[in-house]
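The hints should help you fit chain V onto chain U, whose structure is shown.
So the protein sequences, as listed, match chains U and V. Following my numbering, the numbering of the first sequence begins with 1 at its first residue and continues without gaps. Following my numbering, the numbering of the second sequence begins with 1001 at its first residue and continues without gaps.
These are computed hints drawn from the structure, not numbers from a lab. Fair warning: this is a prediction, and the values are worked out from it, not measured in the lab. Heads up, the beta-carbon is just placed ideally off N, CA and C, and yes, glycines get one too. Do not take every clue at face value.
[What the hints assert, rightly or not] A short, non-exhaustive set of chain V residues, derived as facing chain U with CB atoms under 10 Å:
#, residue
1, Phe1006
2, Leu1046
3, Ala1097
[Claimed, not checked] Chain V stretches covered by chain U per the calculated footprint, using a threshold of three residues with CB under 8 Å from any CB of chain U:
#, segment
4, 1011-1019
5, 1022-1036
6, 1064-1075
7, 1100-1106
[To be verified] Far from chain U, by Cβ distances over 10 Å, these chain V residues were calculated:
#, residue
8, Met1001
9, Phe1004
10, Phe1008
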Amino acid sequence: MLHSYLVLSALVFAIGFFGVLLRRNTLIIFMGLELMLVASTLALVAFSRFNGTIGGDIFVFFILTVAAAEVAVGLAIIVALFRKRQTIEVDELDSLKN
Amino acid sequence: MGLFLFNFFALLTVICAVGVVVNKNTVNAAMCFMLCLVGVAGLFVLLEAYLLAFVLLLVYAGAVAALFLFIVMLLDTHSQPRPVRRFALVAATIAAALLAVAVLTFHQQPKLAMAAASTGASGASLKDYAYQLFTTYLLPVQIIGFLLLIAMLGVIVLSRKIEATEGAK
Chain U
1 MLHSYLVLSA LVFAIGFFGV LLRRNTLIIF MGLELMLVAS TLALVAFSRF
51 NGTIGGDIFV FFILTVAAAE VAVGLAIIVA LFRKRQTIEV DELDSLKN
Chain V
1001 MGLFLFNFFA LLTVICAVGV VVNKNTVNAA MCFMLCLVGV AGLFVLLEAY
1051 LLAFVLLLVY AGAVAALFLF IVMLLDTHSQ PRPVRRFALV AATIAAALLA
1101 VAVLTFHQQP KLAMAAASTG ASGASLKDYA YQLFTTYLLP VQIIGFLLLI
1151 AMLGVIVLSR KIEATEGAK
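Chain U extracted, bound-state conformation (with noise of 0.2 Å):
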């Protein structure tokens, strides 16, 4: 049993990784970082769950967390980029190549 939810968990977080690779909207972009943010954290419900200790759940307290800081954090970048750019396109964000 706990192979499938940690096979689950790899999967999910390669989804959202694919995603990060894939699209080139940076709402997208941050969903799919979630996305690979709570993959990780079902790994380590389903540990704990499994080794009958509570260091894991309790980690997943922090990780949600941090999850919900940088969620505020990043979609204010993501706010001010479009003010000051017109686009969240990271195609069209190319102003470090020059």
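Chain V only, in chain U's frame:
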């Protein structure tokens, strides 16, 4: 029953995760993200981590997904999502390689199968959480609180600074 529920929630999670990645419409992607989180919360319940399932629904599906929807509404990007097919194959290969490595690692670890015959759940008791959080993990809790404060200040500064520079122009 447990297996059926696991299959149901796992399918929901995976399908909605794929929906997040491939959806052209950002609003639909955010909705898929919310459903995906509901699936993960169901899996948490199956793992007897009831408090975490509740917190996940409250914080992620409630606050974070709503924040995403709010930002989508606020930005109102009319950009036609261009079909990105150039890197699709490369990205798919890298993601598949990552998945393959992860699955191979799990399957070559024989201890995992033994652990499956497990002890009782420890994540079910709220008292255990509180005890651990305020004894062993007291310092991380304080740091997390400080981090949230800094994040709040950072968001305020980020939102105000642009206005100030625009006003200066």
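Consistency of the hints with the structure:
1. Hint on phenylalanine 1006/V holds. Least Cβ distance to chain U is approximately 7 Å, under the 10 Å limit.
2. The criterion of a C-beta within 10 Å of any C-beta in chain U is met by leucine 1046/V, whose closest approach is roughly 9 Å, and the hint holds.
3. Nearest Cβ of chain U to the Cβ of alanine 1097/V: about 9 Å, under the 10 Å cut. The hint holds.
4. Note: the segment 1011-1019 of chain V has 4 residues with beta-carbon separation from chain U under 8 Å; the three-residue rule is met and the coverage holds.
5. Under the rule that three or more residues need a Cβ within less than 8 Å of chain U, the assignment of the segment 1022-1036 of chain V holds, with 6 such residues.
6. Counting residues of the segment 1064-1075 of chain V whose beta carbon lies closer than 8 Å to any beta carbon of chain U gives 7, which meets the minimum of three for the stated coverage.
7. With 3 residues having a Cβ less than 8 Å from any Cβ of chain U, the segment 1100-1106 of chain V passes the three-residue criterion, so the hint holds.
8. Every beta carbon of chain U lies more than 10 Å from that of methionine 1001/V, the smallest distance being close to 14 Å; the non-interface claim holds.
9. No beta-carbon of chain U is positioned within 10 Å of the beta-carbon of phenylalanine 1004/V; the least distance is around 13 Å.
10. A cut-off of 10 Å between C-beta atoms confirms that phenylalanine 1008/V is not in contact with chain U; the least separation is 12 Å.
Checked against the numbered hints listed earlier, the structure breaks none of them; every hint is satisfied.
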